[in-house]
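Student: Sequence:
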Amino acid sequence: MKPSFRPCTSADSEWAYELKREAYQPVVERQFGPWDEAFQRRLFAERWKPEFSRLILVDDQPVGLLAVRERAEEHWIDEIQLAAPWRGRGLGTLLIKAEIEHARTLGKAVSLQVLRENTRARNLYQRLGLRVSAETATHHRMTSAPVTALP
Numbered sequence: 001m002k003p004s005f006r007p008c009t010s011a012d013s014e015w016a017y018e019l020k021r022e023a024y025q026p027v028v029e030r031q032f033g034p035w036d037e038a039f040q041r042r043l044f045a046e047r048w049k050p051e052f053s054r055l056i057l058v059d060d061q062p063v064g065l066l067a068v069r070e071r072a073e074e075h076w077i078d079e080i081q082l083a084a085p086w087r088g089r090g091l092g093t094l095l096i097k098a099e100i101e102h103a104r105t106l107g108k109a110v111s112l113q114v115l116r117e118n119t120r121a122r123n124l125y126q127r128l129g130l131r132v133s134a135e136t137a138t139h140h141r142m143t144s145a146p147v148t149a150l151p
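Taken in order, the sequence shown gives residues 1 to 151; the numbers are from the working numbering.
Because the hints were derived from the structure by calculation, they are not lab data.
Computed from a predicted structure; not experimentally measured.
A portion of the hints provided could be inaccurate.
[Unchecked claim] Straight line, CA to CA, 20 Å or less: simulated DMTMM-like cross-link-like pairs of lysine to aspartate or glutamate:
#1 Lys2 to Glu29
#2 Lys108 to Asp60
#3 Lys108 to Glu46
#4 Lys2 to Asp59
#5 Lys2 to Glu74
#6 Lys49 to Glu79
#7 Lys20 to Glu101
#8 Lys108 to Asp59
#9 Lys20 to Asp78
#10 Lys49 to Asp12
#11 Lys49 to Glu29
#12 Lys49 to Glu99
#13 Lys2 to Asp36
#14 Lys2 to Glu37
#15 Lys2 to Glu51
#16 Lys97 to Glu73
#17 Lys97 to Glu70
#18 Lys49 to Glu74
#19 Lys2 to Glu18
#20 Lys20 to Glu79
#21 Lys49 to Asp78
#22 Lys49 to Glu101
#23 Lys97 to Asp78
#24 Lys49 to Glu22
#25 Lys2 to Glu101
#26 Lys49 to Glu14
#27 Lys20 to Glu51
#28 Lys2 to Asp60
#29 Lys97 to Glu135
#30 Lys20 to Glu37
[Said to hold, decoys possible] Listed next, with one range per pair, are the computed distances between beta-carbon atoms:
#31 His102 to Ala38: 18 to 28 Å
#32 Asp59 to Pro7: 29 to 39 Å
#33 Arg21 to Gln61: 16 to 26 Å
#34 Asp78 to Glu135: 14 to 24 Å
#35 Ser10 to Gln40: 11 to 21 Å
#36 Thr9 to Gln40: 13 to 23 Å
#37 Phe52 to Gly107: 30 to 40 Å
#38 Glu135 to Arg6: 33 to 43 Å
#39 Ala137 to Asp59: 21 to 31 Å
#40 Thr138 to Glu51: 32 to 42 Å
Backbone N, C-alpha and C fix where the C-beta goes; we use that ideal spot for every residue, glycine too.
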């Protein structure tokens, strides 16, 4: 499976929101309680930036979303979300490894944040060499070393 990418546009907003709900609702409910649809839509509208986002495509069909930003000291992953049928099949591993390799060519670390209750994602990131570098009441910030070997 070789993914391709397409830049997101504002026309992708509803698809991206539905993916967010599918990917995050169980984690959000474990961590914060019942899913508040109105609040989640407002939060999405405030935070989703199509200019930093790419649809992940397999066989020209959207299967996920990847949003990254280059910062002065780090390659920041805002979001990585995969549709349910694509989780646990190695695609997330492939994508994160590619981002780590890209960051390495820039001499930067990869950083991201993950909800505390998203243990599946946190375990994936740890397996790929990211470590918890800071914590809040709700999130772990995870960072890779800029020049470590890929596991």
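Student: Where does the structure disagree with the numbered hints, that is, which hint numbers, in rising order?
Tutor: 1, 2, 3, 5, 7, 8, 11, 13, 14, 15, 19, 22, 29, 31, 32, 37, 39, 40
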